[in-house]
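Participant: Listed here are the chains, written in short residue letters.
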Amino acid sequence: MKLTLRVWRQQNADAEGAMSTYEVDGISSDMSFLEMLDTLNEELILKGEDPVAFDHDCREGICGACSLVINGDAHGPERTTTCQLHMRSFKDGDTIDIEPWRASAFPVIKDLVVDRTAFDRIIQAGGYITAPTGAAPEAHATPVPKPDADFAFEHAECIGCGACVAACPNGAAMLFTSAKINHLNVLPQGAPERETRVLDMVAQMDDEGFGGCTLTGECATACPKGIPLVSITSMNKEWLRATRKVARR
Amino acid sequence: MARTVWDSSVGKKTVMAVSGLIMLLYLVVHMIGNLKIFFGPGEFNDYAHWLRTIGEPFMHYEWTLWLIRVVLVAAVVAHATSAYQLSRRDIKARPSKYVHKKPRADYATRTMRWGGIILGLFIVWHILDLTTGTVHPGGFQEGHPYQNVVDTFSTWYGNVVYIVAMLALGLHIQHGFWSAAQTLGAGSRTRDRALKTTANVLALLLTVGFLAVPVGVMTGVVS
Amino acid sequence: MTYTDYETGEPVLDTKAPSGPVNERWDKRRFEAKLVNPANRRKHTVIVVGTGLAGGAAGATLAEQGYHVVQFCYQDSPRRAHSIAAQGGINAAKNYRNDGDSVHRLFYDTVKGGDFRARESNVHRLAQISVEIIDQCVAQGVPFAREYGGLLDTRSFGGVQVSRTFYARGQTGQQLLLGAYQALSRQIAAGNVEMHPRTEMLDLIVIDGRARGIVARDLITGRIDTYFADAVVLASGGYGNVFYLSTNAMNSNATAIWRAHRRGAYFANPCFTQIHPTCIPRTGDHQSKLTLMSESLRNDGRIWVPKAKGDTRPASRIPEDERDYYLERIYPSFGNLVPRDIASRAAKNVCDEGRGVGPGGQGVYLDFADAIQRMGRGAVEAKYGNLFDMYQRITDEDPYEVPMRIYPAVHYTMGGLWVDYDLQTTVPGLFAIGEANFSDHGANRLGASALMQGLADGYFVLPATINDYLARNPHQESATAGHPAVQEVLAETEDRLNLLLSVDGDRTPDSFHREVGELMWEFCGMARTDAGLRKALERIPQIREEFWRRIKVPGTGEEFNQSLEKANRIVDYLELAELMCLDALHRSESCGGHFREESQTPDGEAARRDDEFTYAAAWEFTGTGRAPALHKEDLVFEYVHPTQRSYA
Chain W
71 MKLTLRVWRQ QNADAEGAMS TYEVDGISSD MSFLEMLDTL NEELILKGED
121 PVAFDHDCRE GICGACSLVI NGDAHGPERT TTCQLHMRSF KDGDTIDIEP
171 WRASAFPVIK DLVVDRTAFD RIIQAGGYIT APTGAAPEAH ATPVPKPDAD
221 FAFEHAECIG CGACVAACPN GAAMLFTSAK INHLNVLPQG APERETRVLD
271 MVAQMDDEGF GGCTLTGECA TACPKGIPLV SITSMNKEWL RATRKVARR
Chain D
16 MARTVWDSSV GKKTVMAVSG LIMLLYLVVH MIGNLKIFFG PGEFNDYAHW
66 LRTIGEPFMH YEWTLWLIRV VLVAAVVAHA TSAYQLSRRD IKARPSKYVH
116 KKPRADYATR TMRWGGIILG LFIVWHILDL TTGTVHPGGF QEGHPYQNVV
166 DTFSTWYGNV VYIVAMLALG LHIQHGFWSA AQTLGAGSRT RDRALKTTAN
216 VLALLLTVGF LAVPVGVMTG VVS
Chain B
6 MTYTDYETGE PVLDTKAPSG PVNERWDKRR FEAKLVNPAN RRKHTVIVVG
56 TGLAGGAAGA TLAEQGYHVV QFCYQDSPRR AHSIAAQGGI NAAKNYRNDG
106 DSVHRLFYDT VKGGDFRARE SNVHRLAQIS VEIIDQCVAQ GVPFAREYGG
156 LLDTRSFGGV QVSRTFYARG QTGQQLLLGA YQALSRQIAA GNVEMHPRTE
206 MLDLIVIDGR ARGIVARDLI TGRIDTYFAD AVVLASGGYG NVFYLSTNAM
256 NSNATAIWRA HRRGAYFANP CFTQIHPTCI PRTGDHQSKL TLMSESLRND
306 GRIWVPKAKG DTRPASRIPE DERDYYLERI YPSFGNLVPR DIASRAAKNV
356 CDEGRGVGPG GQGVYLDFAD AIQRMGRGAV EAKYGNLFDM YQRITDEDPY
406 EVPMRIYPAV HYTMGGLWVD YDLQTTVPGL FAIGEANFSD HGANRLGASA
456 LMQGLADGYF VLPATINDYL ARNPHQESAT AGHPAVQEVL AETEDRLNLL
506 LSVDGDRTPD SFHREVGELM WEFCGMARTD AGLRKALERI PQIREEFWRR
556 IKVPGTGEEF NQSLEKANRI VDYLELAELM CLDALHRSES CGGHFREESQ
606 TPDGEAARRD DEFTYAAAWE FTGTGRAPAL HKEDLVFEYV HPTQRSYA
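Protein chains in written order, with this note's numbering: chain W, 71 to 319; chain D, 16 to 238; chain B, 6 to 653.
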C-alpha cells in the first residue's frame, strides 16, 4: 500500500506545531499502525530528518502508552488501542491524519507525545485502598459477591490511556476517574475510604483543568476497554451520596 | 456542603440538573394550561385569572404566582450561570481543535449550548410579549390573555420566534432530561432505555403541545 | 586473550542463606537482621529503579516503613511497566481447594520445574510468602476472579496437578500491577516517594565500594542528573529484548542491570531464557514485537504440521493422513501438554525440516476443529473467546474456521544480576529484585510464578532485608556531586551519548538491534551448539565495531529523542549478548530453557550434567570485549533431589 500521512509535528512543548505531509510506500496490510510509523521513521532517520515521536510500549493493547488520534478518532477507526490497529483497516492511496491527544490537561511534549501525569495525580488523590504491606487479613475473611467482583473488574480494566479525554469535546476525564472510583467503591475493602475517595478524586480532576461532562458519550465510544458511559452516572451517584454524608458529619 | 457543590464540576452539573427538572415540571403544567385555549376565550381567561388566586384565602391575590415566578427565576439563573461557567471550563479544557474534524455526538447533544441561549432569549421576549405586554403587537390587554395570544400569533414573526424556540426546547429536553438523570445518578444499564424513551416522549409532547397554540391560531381554529 | 578464554575465579561461598531446616530459614534471617529505628528511617534515602510488580511493591512498602524513596521509570507513568501484560495468573500455596497443595509442594514444583538450578532456600521462602501475597493484594482491592459464593477462584496452570493459580480473567498482571501502583501512588501523595517518570537510569554510582546513587536522564529535556541514596534497588526487569523480537515491551531494556554489572555486580546464568511456545508468528520484516497467547490453548488445541516438506496447500485441503500431529506422536502420554521448552523446541525442529506453515514457514498449526466438533462452538467460545478475538484482530484469520498458527518467542529471562539471600548483589548497597535478578526460577520458570516472585521480592523480602544493610551502614554524609567517582561516571555517560550523536553514520539503531537479535535467535535461541555459539561470539564484536562506525542518531541530547534512547540501549545489548553466548557456551549441558544439542538423551530430551554443572554461573565484568571471570555458586539440594525429567 501507498499512503499519504499528515502528521502533527511539534518540536517541544513551547514550539508552534503544524501538520507535515509524508508519503510511505510498501506498507503491508499485516502491519500494525505503529509498525507503519516505524517504517516512516526508519526512512526519516536515514534522510537525516527527525523521526516522529510517539508513545508506545507493550504493543499488545494493555499498557496504555500509545495515544494517537487517527482521522479524528482516538485510537483510530477500530475499537482498540492504536498498537492493535492494523493497516488492513485502511486502503491503498488513503490519506491519514495523525494528531496527538488534545486537552489542556495533556500538554504536548513533542509531536504526538503528550503529558498524562494529570491522571497519576488523580489516582494519588484517592484512587487506592489503604492497605499497608503486612497488615492484610486472610484473603477469605471477607467474601465478595461475584456480581460486585465482576463490576469491580470491569472498571479496573481501564488502561489509563486517555482516549476518553482525547475524544471528549470538553476534554473531560470523567470516564477515567469514574472507572477507578467504581472499581474500589464497590468492594468491601474500599468502603472505609468510599466518601473521601470520590470527593478528593473529583476535586483533583477539576484542579487539573479537565472539562465537565455533557454526556456526549464520545469517551465510552473511544474507550478501547469498553468502560461504559453509565460508569459516569455511578460516579455522580457516589459523589452525591458522599457530599450528603460528609455534610451530615 | 453548598460550597462543595458549587466548587465542583459535578456539583454544578447537579445544580443544572435540579434546576432543569424544576423548569421541566413547570413546562408540563404550562403546556396543559395553554391547551385550554382550544375551549374558547371564557375558559382560557378564567384559567389565567385562577392562576392569580391559587391558595386563597390562605394566600393573598397573586402571592402563589409570585412564589412560582421567584422559584422559576432562581432556577433559570442557577441553570444559566452553571451552564455558562461549565461551558467556559469545557472550552478552556480543550483549547485546540483537531485538524481532522468529524461530526461528533447527536444533534440534540451538540446544540445544548446554542439551544440554551435561544431559549434564554425566548423567555425574555415571551415575558415582554405576553406578561408585561411591552413588546406586544397591537394593544396588550391586561386580563385578556386569549386575545393577546391571538394577536401574537397573528404576526409572522411571532409565529417564527415561537416555533423556532419550541423546536429548540424539544431538542434541549431530549438530551437534558436524560442527562439530568445521569447527573443525579439515576441512570443504569437496565434503566437507560426507559430514560431515553421518557426523554423522547417528554420532548415530543411538550413541543407538540406548545406548538398546537400557534398552529391553532394560524389555521383559524383559535381566533 | 580472547573473550572465550575466561578464568574461573573464587567461588561464591556466602549466600547469606541461614542454615537449619529450610522452613525456618526465612524467620531466622529476619530475626538476625538488624533493624533501623523507625525515627531514623526518614533520614535514609533508597533509590528504586523501575515500577513493575517488584519495583512498585518495594517503593510503596519501603515508603510505608518510613524510608525516603526516590523512584524512577522510563514510562510516562509508573502504571505502565510491562508486568501489566502478564495474562495467566499468580501461584500461591493457599490450598483453598483442599487438593493436597502446600508450601512444600509449591517449593518442590518450583525447584523441579527450574530443572534443579535454583537455590533451595530462596525458593522455599518464595513458596512461604506466596500465601501472604494473595492476602495483601485482596486487601488492596485487586479484583481476582471469584466464585458465586464470593470466595476466590483458582485454576490449575502449566501442567501442575493442583489448582493454585489465582487470576483476574486474562489480565492478572494488569490488576496486580495496578494494586502496587495505587499503593505507590498513596505514598507519592504522602510525600514519601519522590517519583521520576520518563527518567531512565544510565549508570550506577559506586563510591568506596558501595552503591550510592545513579545517573539518570530526563527523557523529556535530555538533562542528565545524578541522584544519591543510601542504597539502590534495581527492579528494571528482564533482558529478553536482546533478541529484538520478544514478548517484552518495546522499551524494556537491560541498561540498568548491565551498567550495574559493569560497575561490579555479577551477572548470573545469562543464558537462561524462556521461550514460550504459543505466540502469534511474525508476518514479515516489519514485525516489531511478538504477542503471546495463553498456553491454556494447548488444553484443547491440537498441534500439527504437514507431513510433506514445502506443502503450501491451505490447512483445510490437507487430508488427515497427511498431517503430522508431532507432539502426540513423539510424546504419546503428554501429547500437546508437554512443558514449554519441549513444545517450543519441537516446533523449531519441524520448521527447520521445512515443514513449517504460514509466511516464511515459521509457524505450526494449533487446530481447534476437533475441539469444536467435540464441545461445540459455543463451549470453545466461552473458554477461549477472548484469545480467539485477539488472534483474529492481529492476523485477520478466523480461528473457528482455519487453524491458528503459532510459533515460539522469547518471553522471560531467568538469568539476571546475581543476588544473595538478601537480594543484594555483589556491590554492597545494590539490590536487585523481580526479573532483574537471577534468583528463584533456576533454568526454567513455571507458569504463573513470575508475578509471585516479583511481588514476593517487592512487598516482603527486600523490605525485610534492606533494613539490615541500612542499619549496619549508618547514614553517612551525603555523597556529593563533587566526588571524583561521581564526576567520572557522569562524564562517561555524557561522552557515550555524545559519541552516539556524533558518529552520523548510515544505519539506524533498529537495524543493529534487529541484526544482533536475529543472530541471538539463531545461535543462542531454542537450541544451541558449540559451533553456533562460537560463530555468534565471533560476529558480535564485529557488529559492535560496525555499530560505533555506522550508527546514525538524529537530533541532539538536549531534547526528547527516542532514537538516542534506543541507540544507547543497543550499546548494552551488544555487550550483554556476548556474555549470554559465552555462558551458553560454557554450560555444555542442557537444562530447562537452555538446550545444548550436544547434551541430549537418546530420545532427544535435554540431558542435565549435574556432576559438572550444579552451580549458578556468576560472571564478573572485566572490560568490554574482555573475557569475564566466572564465579561458581554451588547449589546444594537437601530437600528436593535432582531427577531427570521425562515426558515421553
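Any given hint could be a false lead.
What the hints assert, rightly or not - The calculated lysine-lysine pairs, modelled on PhoX-like cross-linking and capped at a C-alpha distance of 25 angstroms, are:
1. K21(B) x K557(B)
2. K33(B) x K21(B)
3. K211(D) x K161(W)
4. K117(B) x K557(B)
5. K72(W) x K216(W)
6. K72(W) x K116(D)
7. K39(B) x K21(B)
8. K117(D) x K161(W)
9. K117(W) x K557(B)
10. K161(W) x K72(W)
11. K637(B) x K216(W)
12. K571(B) x K117(W)
13. K557(B) x K571(B)
14. K21(B) x K117(B)
15. K117(W) x K72(W)
16. K107(D) x K117(D)
17. K72(W) x K117(D)
18. K211(D) x K307(W)
What the hints assert, rightly or not - Covered by chain D, according to a simulated footprint, are these stretches of chain W (three or more residues, beta-carbon under 8 angstroms):
19. 117–131
20. 166–179
21. 198–206
22. 231–241
23. 283–293
24. 304–310
No lab work stands behind these hints, which were simulated from the structure alone.
By construction, the Cβ of each residue, glycine as well, lies at the ideal position given by its N, Cα and C atoms.
Participant: Give a verdict on every hint.
Facilitator: Okay, the hints, checked on the actual structure:
no.	hint	verdict
1	K21(B) x K557(B)	violated, 47 angstroms
2	K33(B) x K21(B)	holds, 11 angstroms
3	K211(D) x K161(W)	violated, 38 angstroms
4	K117(B) x K557(B)	violated, 47 angstroms
5	K72(W) x K216(W)	violated, 50 angstroms
6	K72(W) x K116(D)	holds, 23 angstroms
7	K39(B) x K21(B)	holds, 14 angstroms
8	K117(D) x K161(W)	holds, 20 angstroms
9	K117(W) x K557(B)	holds, 10 angstroms
10	K161(W) x K72(W)	holds, 8 angstroms
11	K637(B) x K216(W)	violated, 51 angstroms
12	K571(B) x K117(W)	holds, 18 angstroms
13	K557(B) x K571(B)	holds, 11 angstroms
14	K21(B) x K117(B)	holds, 23 angstroms
15	K117(W) x K72(W)	holds, 19 angstroms
16	K107(D) x K117(D)	holds, 20 angstroms
17	K72(W) x K117(D)	holds, 24 angstroms
18	K211(D) x K307(W)	holds, 19 angstroms
19	117–131	violated (count 0)
20	166–179	holds (count 6)
21	198–206	violated (count 0)
22	231–241	holds (count 4)
23	283–293	holds (count 6)
24	304–310	holds (count 7)
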